[in-house]
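Enquirer: Read off the chains here:
There are 4 protein chains.
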Amino acid sequence: MERPVTHSREDDFSLDGDTLHEECGVFGILGHSDASTLTALGLHALQHRGQEAAGIVSFDGRQFYTEKRMGLVGDHYTDPAVLAKLPGTMAIGHTRYSTTGEVALRNVQPLFAELEAGGIAVAHNGNFTNGLTLRRQIIATGAICQSTSDTEVVLHLIARSRHSSTTDRFIDAIRQMEGGYAMVALTRTKLIAARDPVGIRPLVMGELDGKPIFCSETCALDIIGAKYIRDVENGEVIICEVQPDGSITIEERKTARNVPERPCLFEYVYFARPDSVVSGRSVYKARKNAGINLAKEAPVQADVVVPVPDGGTPAAIGFAQQSGIPFELGIIRNHYVGRTFIEPTQQIRAFGVRLKHSANRAEIAGKRVVLIDDSIVRGTTSIKIIQMMRDAGATEVHIRVASPMIYFSDYYGIDTPDPDKLLANQYADINAMCRYIGADSLAFLSIDGLYEAVGGAKRNPQAPQFTDHYFTGEYPTHLTDLHGRTMSDPRQVSLLKEAG
Amino acid sequence: MERPVTHSREDDFSLDGDTLHEECGVFGILGHSDASTLTALGLHALQHRGQEAAGIVSFDGRQFYTEKRMGLVGDHYTDPAVLAKLPGTMAIGHTRYSTTGEVALRNVQPLFAELEAGGIAVAHNGNFTNGLTLRRQIIATGAICQSTSDTEVVLHLIARSRHSSTTDRFIDAIRQMEGGYAMVALTRTKLIAARDPVGIRPLVMGELDGKPIFCSETCALDIIGAKYIRDVENGEVIICEVQPDGSITIEERKTARNVPERPCLFEYVYFARPDSVVSGRSVYKARKNAGINLAKEAPVQADVVVPVPDGGTPAAIGFAQQSGIPFELGIIRNHYVGRTFIEPTQQIRAFGVRLKHSANRAEIAGKRVVLIDDSIVRGTTSIKIIQMMRDAGATEVHIRVASPMIYFSDYYGIDTPDPDKLLANQYADINAMCRYIGADSLAFLSIDGLYEAVGGAKRNPQAPQFTDHYFTGEYPTHLTDLHGRTMSDPRQVSLLKEAG
Amino acid sequence: MERPVTHSREDDFSLDGDTLHEECGVFGILGHSDASTLTALGLHALQHRGQEAAGIVSFDGRQFYTEKRMGLVGDHYTDPAVLAKLPGTMAIGHTRYSTTGEVALRNVQPLFAELEAGGIAVAHNGNFTNGLTLRRQIIATGAICQSTSDTEVVLHLIARSRHSSTTDRFIDAIRQMEGGYAMVALTRTKLIAARDPVGIRPLVMGELDGKPIFCSETCALDIIGAKYIRDVENGEVIICEVQPDGSITIEERKTARNVPERPCLFEYVYFARPDSVVSGRSVYKARKNAGINLAKEAPVQADVVVPVPDGGTPAAIGFAQQSGIPFELGIIRNHYVGRTFIEPTQQIRAFGVRLKHSANRAEIAGKRVVLIDDSIVRGTTSIKIIQMMRDAGATEVHIRVASPMIYFSDYYGIDTPDPDKLLANQYADINAMCRYIGADSLAFLSIDGLYEAVGGAKRNPQAPQFTDHYFTGEYPTHLTDLHGRTMSDPRQVSLLKEAG
Amino acid sequence: MERPVTHSREDDFSLDGDTLHEECGVFGILGHSDASTLTALGLHALQHRGQEAAGIVSFDGRQFYTEKRMGLVGDHYTDPAVLAKLPGTMAIGHTRYSTTGEVALRNVQPLFAELEAGGIAVAHNGNFTNGLTLRRQIIATGAICQSTSDTEVVLHLIARSRHSSTTDRFIDAIRQMEGGYAMVALTRTKLIAARDPVGIRPLVMGELDGKPIFCSETCALDIIGAKYIRDVENGEVIICEVQPDGSITIEERKTARNVPERPCLFEYVYFARPDSVVSGRSVYKARKNAGINLAKEAPVQADVVVPVPDGGTPAAIGFAQQSGIPFELGIIRNHYVGRTFIEPTQQIRAFGVRLKHSANRAEIAGKRVVLIDDSIVRGTTSIKIIQMMRDAGATEVHIRVASPMIYFSDYYGIDTPDPDKLLANQYADINAMCRYIGADSLAFLSIDGLYEAVGGAKRNPQAPQFTDHYFTGEYPTHLTDLHGRTMSDPRQVSLLKEAG
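Chains as they are written, first to last, in UniProt numbering: chain P, 1 to 500; chain Z, 1 to 500; chain A, 1 to 500; chain W, 1 to 500.
Just so you know, the hints here were simulated from the structure itself, not pulled from any lab data. Glycine is no exception: its CB is placed at the ideal position from the N, C-alpha and C atoms. Check before you lean on any hint, since a few could be wrong.
[Claimed, not checked] Cut-off 30 Å, straight-line C-alpha distance, at most; resulting in silico cross-link-like pairs (BS3-like, lysine-lysine):
1) A:Lys85 - P:Lys85
2) A:Lys458 - A:Lys296
3) Z:Lys285 - A:Lys285
4) P:Lys285 - P:Lys296
5) A:Lys296 - A:Lys285
6) A:Lys85 - A:Lys227
7) W:Lys458 - W:Lys296
8) W:Lys85 - W:Lys227
9) W:Lys285 - P:Lys285
10) Z:Lys85 - W:Lys85
11) P:Lys285 - P:Lys227
12) P:Lys458 - P:Lys296
[Stated by the list, open to error] What follows is a set of in silico ranges between Cβ atoms, one per label pair, in the way DEER data are often shown:
13) P:Gly456 - W:Ile229: 51 to 59 Å
14) Z:Gln346 - A:His478: 44 to 52 Å
15) Z:Gln347 - W:Asn425: 43 to 51 Å
16) A:Gln347 - P:Arg349: 24 to 32 Å
17) W:Gln426 - Z:Gly71: 51 to 59 Å
Using the sequences and the hints given, assemble the complete structure.
Expert: Structure below.
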């Protein structure tokens, strides 16, 4: 089940081209008079998890309201005219980078359905590994699907559940889902949060003015001055409900028991914001530790430690502190890229220009440079950045990567290239990789080095503490769609293409 | 079942304010290499049937494509970039003026669903009088509805049908629908057209380069040089299918038999374009005949016959020819209204100015004027236009209306005000109406006069030849939603409000 | 001095393609609290004089404000946010169709200059026949020109005048200008209006709430309920000034004496709105009279009189009344053309479709048709409309034109094609023209027939009562630029091309 | 002569609020087939010098072309449709942050004038200290000014010069100008560059494919792979001319001799990009040196060195290296701010949220923090950032500023607040300032410390090596407008307000 890879339009002219993409951030709040404004702010803090589109659904006691827009949260959702269309004290929101399903407003979450018991809106981050199988079953029994989003499948399962309460229907539905997800849902009285049984995708609970909040990362609490309460546990469903007297009750349910949590390592390596705390661990510290361990595992004689901005900076700081080699900003980032440069003309591409980054020649010329990057996927960017260093006069260019080599696809919401496009699968050994990218030396952090950096202990092969299949091939869940080859029936997906 | 009335924003400053609105025009074509372009042109010719939004769905042998836009067809659908997103040799399109369901892109037709047998797209003009009842039943059995459009109900009925062929499923679905409709649908190989059992809404079949076309009015055939074949009969379903060898087969089915056709009189009075031929009768001639009959029924001593543009012009020509009173353009229309004037500021409203029409003083001053209008709904516009004539120096102002008084709501796709807002229901007799609007005399065409103008014979009270309930109260179908009070459950509709 | 002809983009798909274009309408008001709103409304009523761009300048006692926009007045100027940027009790405005000077916001009037005595804004309709000669002289003495508009020349002449008062400077400047113009200007205390010595272009004075107004046509007074006072005379300058006590003084000056007025015949034939009164004569009556005279001069046996909409309608009414042949709407106009259809794709063009007009087949088929048009320029549209009539089944198609043949270019603000593109110059006689356009017969109104229709008397060859050079070659002013070949120096004009 | 201060809209919610603004970057190229594309790229690299608007003028051998747009270079200038409107092998461009003159497209540079000898376009960075005086003189002698830009004055002086060659006219004009400027100009055959006599504003010369380039900073050469040749000297004019055979000649002229260069210190402290080399000195190294010197001058006991991003980062690296205290990213920047968040609603403001920055709590809590900033202007941001650190749990917060205290206004193109708004002028001593901003300690780099960091030697009081009046009050040129109080005549400036 290979999903189509969106070959990033930025590949050829940006150092950001060769990265993985996460698709989503979620936010929800119940009982607050500024519900939609706070949701907009929370989504803004989660913008790094998805920049293609954002949506908010609110409920004002009478009616649900929805706004969906392509583009950044800050492009639309602080316009008073837009916020005014989202009244009420309950809201959930979603920001996405599209993987499954083309980008279309129709697919932008939260999705909404009218049920017999009233409306429900759902937003989720992650991916179901049996989504296509379930979709096929549902359509076979007379349902119509109007989006290509997995989330619609959840709505159908809720609608078809034989349970009577919305909570039971919701739990019934997600029990049928397999994969990694963090989900928020809104009904006429409830805000519901759910996290997958393994705890692959992150989801935290906070509080503002006594009102409950759920969001993907703690940075979305910080932006609004909310207090962190705890992580939603793996396999947990939390149901917050407004009572007739205005008070809020909180019910905790479990969809899976006795399964140890295995958070996704890539949240620490790349996705989460450095100021977030994921499953109790500082993301910044994890990255800096990775740089420290990298300096121990793969030391190098050099004059200057240069981060590949911005992802490589914490590890570079750690590497420099451990190695004693000075940390310098050898690559400068241009923050004013603008709209059309995002899709530059062929003419501009042809100049091979670097619209987003440039070498700080004064710190590079005549020096032995250690470049610190957070990860290498296909290696295409590494080639360009090494060349940029050599053009600026570097005498040696060494690459140190603060995570292990990537060999396997992700099926839990991270957009990975075809495995045969991955650098680690294209070359026999690290020396061949090093020659291909043109470096003087190349080293990756070991899997144990990364485990120690994040969690303080080596990997337990019998019961790995984290989700790490992209490095190891050990998937934490079944992969029903993949093994059932559901995707081989071309009629069942992407039948409708809609422009945004 | 009173539908919410959209109080036209133009009420206070335009002579067009006091009119009825039809919601839709439809168009479909099969097997033509320019399918989406021809659909855009056809919808443009049908633009008078709905100006709020337009949508097109095409199929290219692999995939369905859809584009939906608020605004005029000519605002979007000749942009090559837009047409390029609609490849394929099969397409259907829809242009709408919203009545049921708020205006939202989500509600813009055609609607699309993935079925087990493949995708289907549906567009329709009209209204189902049991749509809410059916929607309620469907939701009660586990379906989710994502729009507030009646058309979605048709899609659900098709998906749930126990028949196996798409054609049988489609017929099964529309047999459950009650009301007035003209519908086109597109599957992976078929273009389907269907007209309600009574034939309330119009639908014609044409041909271009040997390829079948269905559209609401003949003017959509004329614009692309297509040939008129015949009207789709009341209660008929026509299925055109592309065969593997590229040939097209045509199958004719009946959902109702032995029911005489009763086309809607208002198509002749107001909605259809004057150059269209509806159910075999020239719309222009019908209107001119109405003016001739009006001059016979309600003659008046006057110096000049002035049409209320543009609807009253054909009747005014007939009235002038019959009466011998000269026809003159006493009211001039400004064609350049622009975007923001459509919603003028309070300051501009306050000037009471006429942004779209003005008196041609030289033809009015010192004269006895007969104004010819196509219809009077609430009378609000009549007041303004009579005042405009007096301000320009008319010595007498007589109103002659080329249709009978309107007493009843429509439930078949025409947006009518609350019955108690209708002029005919607010005043005891025609003299009181005449005083209210400020005219020197007022007369309406009789129902028999209109029947003769359109069909050549008086009304047959036992079996009326036309749909005429707005004048007579005799509805041609059941009104299940109205009598079942389905709308009284507030949770079941309009739960989600979405901005366009 | 041949101006570049803008080959209308509509040529190939609209009946409006073969027309002349006027470039401007002007409006000004002094001392009214709703100055900019009234100016917007006045410009809206003058929209038929130019649809490419509109601008307004206001003054609030401290500062001048300007807004310029491409597009219709109603697209921008009733947005409260736009009107709020134009505060003050004095304003002038301009709506333009571009001829001289490319279309660029830089060229959109009113133009403004800071003078030593304070700012001045100027808007004008018309064209200077010595504008390029003066521009050359000015640049030679150290001025810089930032637009390609003739109006900038007026500003330079005002700035350079040796007179001290602004009024004297203004009169000094326009005394140097030659050609046809109607001008309004705004200073910190004054509203000034000026009309060329021959009175080619129209300009009227009105009053609202005791405050003076100047505008191109009376229809701009009617829209705001203002009272018509009188025409600005040919060669007259009227200066309205706000006094410190708030009262308004009015001074009348003459730049030319004892020159009889010769208004432009084309205002009556084509440009002015039918409800306007130009130089005391109803435009609608003039056109209808032209139709009556045409029926007398060139009668024809036919079944139906069909106007070419909308310009030919009044003449067709006159022709029908005089001839006794019935007047019918044989051509239907689509009012919903939209934005992108204005520039249709090649694909749509290729269908040869008529996006704006269609034949009303029921009134044409089997009939002898007399088409009445207001004018024929190149004949390209006539070919298409005659073909459209034949396609709809007309047995004969006769063309009657309510103005004489056009042989000569205009230099006073009307955009005329190269003389050798004019139908009248391409064929030896009227029979050849008739064959070229494909009609069964063709006739034009005589020059005396037009003079009588407009002014009640035949043309006086010694002192023609109207400006009529396009028909006769007799220009009412010098043509300095043309004879001096100023335009032959390519460096002096159009050096800068700016996109709007 | 106090210029109106644009109170930054970001003051209340961003750490970037309390900064100075430079108004412009310039770029020009001659003889290259991709002239306008290269100009767009160069302006993109100079985007940090001005983000409000950008303009390009090109010449194709026949005609000049111009495009001006509000917003970022990358928002408009890689659209192929826009670049296609700028043909030719010669172009100049400009990116601006507005100070003098309201922001209006009319004021966006390059400005263009038709002269007798042909057209000329001019773009400049800087400000004339006698611009208003000259403008007044010019208007008094009959010129008209259409913008409020100083650059228009240069055009007038060129137009009025008694010299015959364009080069001589240009030099004649700039010899009359006083102040700080870096200018590029384009005629039909020449690209001209000029730098003010003192060399306040930067301007460098480069070469690509043998074709000359001028631009504000070397980073604009790097982005297109061009080679740095040399700085344009203070008081130098360089004229590059295309010869009829296609070769390019280069002429060097001097408008001032024997004046030592005094580049603006603030280019090193704040404005220039860290990877640029200004007057032969690496900006990054100068900033890092300032941090080193700051650690020597004002050491502090602390646990962590935290840069105020992004300006304070190089100095923080230097401070950390010198002091041995670890450098950590204690403040995280959100790069996805979007359009509407730039002007947040009152509701969002009220949350006191930080849309662009947040504390990295894990690195701050329980620590003694040294914040390193590049400069302090009013101190408003310092208050917020110190509070943010305390909220995140810092036990002590020390501020070290890598430049001296600012006491005086700039008149050479930097937008400074009223002197009495400057922190240094509001409090008696540094202890009072420290209390006001809420820090535990506060220290600024000394003027000698900054001179040494940038130039390697202490300040020479008799002949200062740099422009440093904002710190010292010693202005390097006359301030004619200021002392002549030209601005006191309210009629002479800003008479026309135009919306962009």
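Enquirer: If a hint holds in the structure, say so; if it doesn't, say that too.
Expert: Results of checking the hints against the structure:
1. Straight-line distance between C-alpha atoms of A:Lys85 and P:Lys85 comes to about 27 Å, which keeps the hinted pair within the 30 Å bound.
2. Taken as a hint, the A:Lys458 and A:Lys296 pair is honoured in the structure, with Cα atoms around 15 Å apart against an allowance of 30 Å.
3. The suggested pairing of Z:Lys285 with A:Lys285 holds, with an alpha-carbon distance near 28 Å, which does not exceed 30 Å.
4. For the suggested pair P:Lys285 and P:Lys296, the alpha carbons sit about 16 Å apart, so the restraint of at most 30 Å is met.
5. With a CA separation close to 16 Å, the supplied pair A:Lys296 and A:Lys285 stays within the 30 Å bound.
6. The suggested pairing of A:Lys85 with A:Lys227 holds, with an alpha-carbon distance near 28 Å, which does not exceed 30 Å.
7. With a C-alpha separation of about 15 Å, the suggested pair W:Lys458 and W:Lys296 falls inside the 30 Å cut-off, and the hint holds.
8. The straight-line distance between the Cα atoms of W:Lys85 and W:Lys227 is roughly 28 Å, inside the 30 Å bound, and the hint therefore holds.
9. Taken as a hint, the W:Lys285 and P:Lys285 pair is honoured in the structure, with Cα atoms around 28 Å apart against an allowance of 30 Å.
10. Among the hinted pairs, Z:Lys85 with W:Lys85 is consistent with the structure: their alpha-carbon atoms are about 27 Å apart, no more than 30 Å.
11. For the proposed pair P:Lys285 and P:Lys227, the alpha carbon gap of about 21 Å is at most 30 Å, so the pair holds.
12. Of the pairs offered as hints, the one joining P:Lys458 and P:Lys296 holds, with about 15 Å between alpha carbons and a cut-off of 30 Å not exceeded.
13. About 56 Å separates the C-beta atoms of P:Gly456 and W:Ile229, a value consistent with the hinted range of 51 to 59 Å.
14. As the Cβ distance of Z:Gln346 to A:His478 is approximately 51 Å, the hint placing it in 44 to 52 Å holds.
15. A hinted range of 43 to 51 Å holds for the C-beta pair Z:Gln347 and W:Asn425, which are about 47 Å apart.
16. Between A:Gln347 and P:Arg349 the CB atoms are about 30 Å apart, so this pair conforms to the stated range of 24 to 32 Å.
17. The hinted range of 51 to 59 Å is satisfied by W:Gln426 and Z:Gly71, whose Cβ atoms lie roughly 55 Å apart.
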